[in-house]
Structure formats: C-alpha cells, structure tokens
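Chains L and Y, in that order, are what the protein sequence lines are. Residue 310 in the numbering used here sits at position 310 of the first sequence; the count goes up by one each step and never skips. Residue 389 in the numbering used here sits at position 389 of the second sequence; the count goes up by one each step and never skips.
Because the hints were derived from the structure by calculation, they are not lab data. Keep in mind it's a predicted model, so treat the numbers as computed, not measured. If a hint is listed, it holds; no wrong ones were tucked in.
For chains that are exact copies, the list does not tell them apart, and a pair is met inside one copy or across any two.
Dumping the calculated EDC-like pairs for lysine to aspartate or glutamate here, alpha-carbon to alpha-carbon at most 16 Å:
| hint | residue 1 | residue 2 |
| --- | --- | --- |
| 1 | 334 | 165 |
| 2 | 314 | 374 |
| 3 | 420 | 352 |
| 4 | 25 | 227 |
| 5 | 118 | 149 |
| 6 | 414 | 333 |
| 7 | 416 | 352 |
| 8 | 416 | 345 |
| 9 | 239 | 22 |
| 10 | 414 | 356 |
| 11 | 242 | 307 |
| 12 | 330 | 174 |
| 13 | 314 | 371 |
| 14 | 232 | 22 |
| 15 | 397 | 275 |
| 16 | 216 | 40 |
| 17 | 414 | 336 |
| 18 | 420 | 336 |
| 19 | 170 | 333 |
| 20 | 372 | 319 |
| 21 | 226 | 21 |
| 22 | 323 | 345 |
| 23 | 416 | 336 |
Number of protein chains: 2
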Amino acid sequence: MLKFKSYYDLKIDSDDKRAIEDAFKYLLYEKERQIGGYYDLPYSSQKLLKQIDDFTNSIKEIYKSVENIVIIGIGGSSLGIKAIDSMLKHKYKNTKNMLFLENPDPIRLSKMLSLIKKENSIFIVISKSGTSIETISIFKIILRYFKFDFSTIDSKRVVAISDKDSPLYKFAKENHIKTFIVPKNVGGRFSVLSAVGVVPLALAEYNMVDILKGAKEFLDNFFAKKEEHLIKKAYFYAKKHKQYPINVLFPYSDSLEDFTKWFIQLWAESLGKIDEKGNSVGLTPITHVGSVNQHSFLQLIMQGPKDKTVTFIKIENFENALKIPNISLKHIEKTDFVNGYTLNELINAECDATKESLIAQDIPVDMITLDKLDENNIGKLIIYFEILTSFTATLLKINPYNQPGVEFGKRILKEKFVSKNSSLS
Amino acid sequence: MLKFKSYYDLKIDSDDKRAIEDAFKYLLYEKERQIGGYYDLPYSSQKLLKQIDDFTNSIKEIYKSVENIVIIGIGGSSLGIKAIDSMLKHKYKNTKNMLFLENPDPIRLSKMLSLIKKENSIFIVISKSGTSIETISIFKIILRYFKFDFSTIDSKRVVAISDKDSPLYKFAKENHIKTFIVPKNVGGRFSVLSAVGVVPLALAEYNMVDILKGAKEFLDNFFAKKEEHLIKKAYFYAKKHKQYPINVLFPYSDSLEDFTKWFIQLWAESLGKIDEKGNSVGLTPITHVGSVNQHSFLQLIMQGPKDKTVTFIKIENFENALKIPNISLKHIEKTDFVNGYTLNELINAECDATKESLIAQDIPVDMITLDKLDENNIGKLIIYFEILTSFTATLLKINPYNQPGVEFGKRILKEKFVSKNSSLS
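Okay, chain L solo, but in the shape it has when bound (with noise of 0.2 Å):
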C-alpha cells in the first residue's frame, strides 16, 4: 500500500480547475490514442509472462545453471531493470545474479568481464533503436572476448530486445537468437513494463505478475479519479515551476537509490524541453538517499535559495529487525535516546525529522509512504511517476516523448570518428 501525503498550499481557483481538467482529458486521450504508450503496458506486458517462460522451456539445459543475467543496454534500457533489481533482491534468496554493462569505461568494463563466464550465463543485449553506439560496441566486445559463434549452441545464450525490424532485430533473427519487441510507441524511459524490463527481470526469476498488478491497480484507480493528490501536485510543479525549478527526490533507504537514478532520466529527458511558444522549460530533479545525505545536502536546502521541492520515501517497515543494542558506551551516553530501537525506527525518524525541519523552513514537501517494498509497492510507484510525468508535461505544453536535444552530439561523434578514419586512409 501507498500512502501520498503533501505539505504545502496549492489554491485551486476555477481557471485552475479548468486547466486540470483538460490535462486529465488529455491523459485520457493519449491513453486511448496509444500515444507514449506506457499505458498499455501493465496489462499487455502479462503475455510476456508465458512467452518468456515457452523460452526458459526451450532451453532448459541452460538455463537451469545460469547464475548470471548479463544486461547490455544504456540509458532506458537498463536503468528501469536496475532499480527493480536493487529494491527486490534482498527478498529473493536464490535469484539469478544480474549484471549490468551499461557505460563504456574501459576499468570498469574490464572489472566486469574478469566477473563473468559465458557457461552460465545469458546475455541479454537491449536497444530500442538496435544501434545505440555504446551498446553495439560492448555486445561486440563480448562477442570477441568469449569467441561467440551463433551456429553453435551460443545463440541459445543471448536475448535481443529492440523495435520489431530494428537493425538489431533484424541481426538476431539471423542468428537464431530469441528477441523479444519494444512496442514501437514506448519510449525507453518509459519501458521498464515492457519487454524491456519484464523479460530481463522475470529470467532473473523476480515475481513480475505482481509488479504489473500493482502497476495496473494504480492506472485504474487514476483514470477512475481516485488518485487526485498526483494531479494536485502535477499542478503545483507546473504552476510554481519558475519558482521551485529543481525537485529532490529523497528516499530513505538505500535500496532505492537505483530507483532514483530511473527517476531523473525520466523527469529530466521528459521534462527538459522547448515549449510550443520557442521557450525552454524543464523541471531539473536532483536525489538524494537518507538519511546519509542529510550530511551532504541538507544544509543546501535549509538555508540555500528556496528553489527547490522535495519528496521523501519512507518504507514503514522494511522486515528487517536489526536493533541498536542496550548498549551504553562510557563518554559517549550522549548517543543512547536510540538504544534498543531498531535500524528501521531509528532511519524513519530520522526521514520524519527532516520533513518537518524542511516544513518549518515553508519548503514545499510532499511524502510517500510505501508499508513495505514488496513486488505490489514496486509497481505502484513506477506507474505514479510515469503519469506524475506526463501529467506535469500537459500542463507545461511540452512532449514528454522526444528527446531531439541529444542527437546534435551523436552527429558530432560520428564525425570526430568519419574525420580521423579518412585521414587515416
């Protein structure tokens, strides 16, 4: 279960009103039309389900002592895997270790190789457009370095998930590797319910019929009005964007600072955009962790320029019973207001501390509370931020779906690349 709960004042007057709902007819619209059709997702990712496990099916001998689930992919097509990952793994004992190579870095890249055997492990290589240039390159260099050959067994070792006809689909199908399609309206940043995420996730055996619940409770319940405080707050960020610019997101709990870094990618790439009148706007998230970010960033907001909203997540009860112990250390009995209280205690109340020190500040808070971070929760909260995103977009008159900013500099790399080949030859 979710609980949302803001501290700030938003009056709501009838030319407000008005504009809400509109974005909330729009919203409709784009779901109906299938436009940026992540809404689709929670109930047609399901078929997923049963393809994926014909696939586990059809190589049994293999997968039975896979151990590594090796993503290739960058960008939305590995961050939305990594955070489910992250917040999961500590309920699943026995799960498949995933790893993940996303950046081009030749230390880490390295490190990562030395980590891994082709013998157990499937590789699941992943670009929406089939030729993201760091992806291609890293899935060649693997392809090197464990001297693949695709009309052996090795084929049955590596998934491809891209666009239907994309130049990698089209590779795989070749090759006789298995792909699975991005549909072709899902944006990266938003395909983490997707093919994308869900057949990387579920041969990793995590319960992915239960995220998909969630995440389709929570739709359901929004397009039935039932989840007003995430138009309210759309409304406030878009209205106030000029004067709060910069949103933090501050979970408590380390599990999901992965979950963060999807969330910038998906606020930030949405969000940062020219509006139909030529205007730059965007709304810049920042994340933090707490409480050890309390010491790195919390003076900035406290005291720094009132630019800034922040919404906090707390986990009210994260199974885990580790105490402080009764212990009283001599000189140091300053310390000892939390002993016997748990880990869980004493990092919520920290959370609750903060909150009310930033309220006290009239820093616009919000708080989402999730009662523990289970699959159900997992999938809640992914969808509440995909439409919080989309919501907030309407309202500021910008497509949340392109991204046109970026390709001048692929342009410019593949000239540097163009320029040096020719003036070797």
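Given the structure of chain L, go ahead and fit chain Y onto it with the hints provided.
What follows is chain Y alone, placed relative to chain L:
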C-alpha cells in the same frame, strides 16, 4: 598532470579585479590564520604516515591477515575515503578491501554484516564530534554482533578517528583503542587529507605520500598565483550565481562516481548559506557520469532552462587498451565507425562531442583533463575543488566552514525518541 580549460566569456573590469584581489588576500589570511584548517594538511599529514607505520608494526600479527578495512562513518567521515578508494583501486591488485558502513539502512547493513569476519578485519570508527548518531549506533551493532571484548586483543582491531577529547576519543583511550586526531579547525567535508582519509587509506595500502604531494604542489602553485583559471572560474560562479544557480559536474569515468558524491557535500554544504545581509544564497551541485548519463540528463541541459554550468572531467589515458573489435554485424553496420578504436577513445570522443554540443547552445562549460588517474592527480583534484569552494564562498560573502542549517533536524530527532521513551515509562 591536470589541464584546465574554460569555454565561456568573462569580462573582468577594474571592480572585478579588486574583488578578486581581495578574495585572494582573504584566502591567504585564512591559510595563515589556519581558518578552515585544510590548507595545512598536505604538509602536516605527512607525519601521520610514520604514526601509521608504527601502529601497523605494533599489530603486525593481526595486520598480516587483514583483508577488510571496515569504515564506520557518514558524510565527511566516509565520502572522501570512498572517493579515493574508487578512483585508485584498479591500480592496486593486492590492496585490502574497503567496506563502508554509512547509512543506518537495515537491509544494507545486514548484507554488509554477512560479508565481514572479525578475524580478518580492522574496524575504523570515524566521527569528528564523536557523537554522530548513525555512526555510534552502527558501532554498537558491530560491537554486539562480533562480541567485542576490549579487555582482549579485540581492542587492537579497532581504530578511532575523532576530535581530541571528544566523547569517542575518551572512550577509545580508556579501552586501549588506537586513536588518531582530526585537527579541530578542519571541518568534516574538508578533512579527507587529514587523519580521516589518510589513516584508513594508508591502512588499505594506498600510496598516500603521492596524494599529499600532488595536493601540496597544487596548493603551492595556487598561492604563487600560478592557477589563475581557478580564480576566474570561482569569479564566474559567484558573479553569475543567480543566472546559473546549478553547477553540473560530469566526469567521463565510472571510477569518479564516488568522487562526485564527495564534491556534492563539499559544494552544497559549504555554499548553501545565509549571507551577511540575511539572504539565502547557494549553488546547487548536480553530478552525472558519462557517457551513461548522456542518456538521462543531457536533454534537460540542452533544451531546458539555461540555469546550469557544466564541468567535464576527462581521463586522457586509462592504462587499459580494451578495444572495440573489428566485427561488422550484418544489418548493424551503421555502428562500425568506431570499430578498431579503444573504449578509451570512444568515451573521450563522447565527452568532447557532448562538450561541443553544449558550447553550441551557449552553456558555460569547462573541462578538466587528467593525463591519467593516479595519486598525484587525485591529490591535485581534491585540493583544487576545496580551494574553488573557499574562493567562491569568499566572493559570495558566506562562511563555507559551518553548517547551522542541519542542527534543527538533529534536535527534532532527539525529541522524537525522548518523547517515545517517556511515554513508554
């Protein structure tokens, strides 16, 4: 060797010159009067190395079998150590493993406890005040979990680093635990070159001599007026802090991710302050790692509000020749333009391409280039960012060395438990 290059215009008139000259004089004054204390560390910390040698000799039998250096600390008592460990560990094949117990997160802490054996570990508890609630609580958990008895040889497995005469210091002294002292005038976020960083990293067998030497070289150059680029950058940040309230640090190397977390504390906690006139001022640090975060944050920098400066960090030579093999995958030939190049070349070309696309959008950009990721450069990089912080703070007329904004939350936290305890009794 470090190279610094900026790509923005800064017109300096005679008033500006005077402000810069005054700030420079003020930093000299801080250095001479030992305000902010860190200026002295590249010199004074050299004597620590002998003390550490004496200590390891005194516990020779224990130290021989040590595999893990377990750090119990949070904020300024862990971020700098972790930063250096992450930047250097690829160079050291047989270094002892560093494990960090920072956040009172029950899931993470349970996981870490399962990885630690008392018999092959040294536990370093670090708290400047000696009463950090998270650190002392985790320390108590360690004491109970591993059944520590300080009347035995157990006392030789613990090291305490703290202010002289702090509660932790006194506790350690009475229990025959080895202590090292943080100079009183050195704040947590400026303390990595004090005992806080030097002792754990030297115990993990990192070459601290060369790190301190690098820092000293940069510091001497700065005060000999040979690092003018730093002064200009600080001036640009301070003068335009309302136009560019956000500073993005964007290294192209996974090894620097923890360094960026150290930077966040340094920048946010030092510069987020109420100034002489009672105004909230501050610069907000955001950090990303390339090329991976081009796929999540670049769109916002390119097309969102023009409120960000960007500092790239590039490593010229990774000392790792991992290459993209000359394989052409049918249908994906479009990506072949990087074939035969090293990942080193790819990641740096991506850095340059991103830099150029931001410059084309008139975004203030600068580039720090390390010829390689070694001890000397790391020492320089640390002191560079510390001086940049002090200089910027001086120009903004704020005190970078205190953090009054976080005390309120600490009081609320304590009240929560005290009221719980009294309602129980």
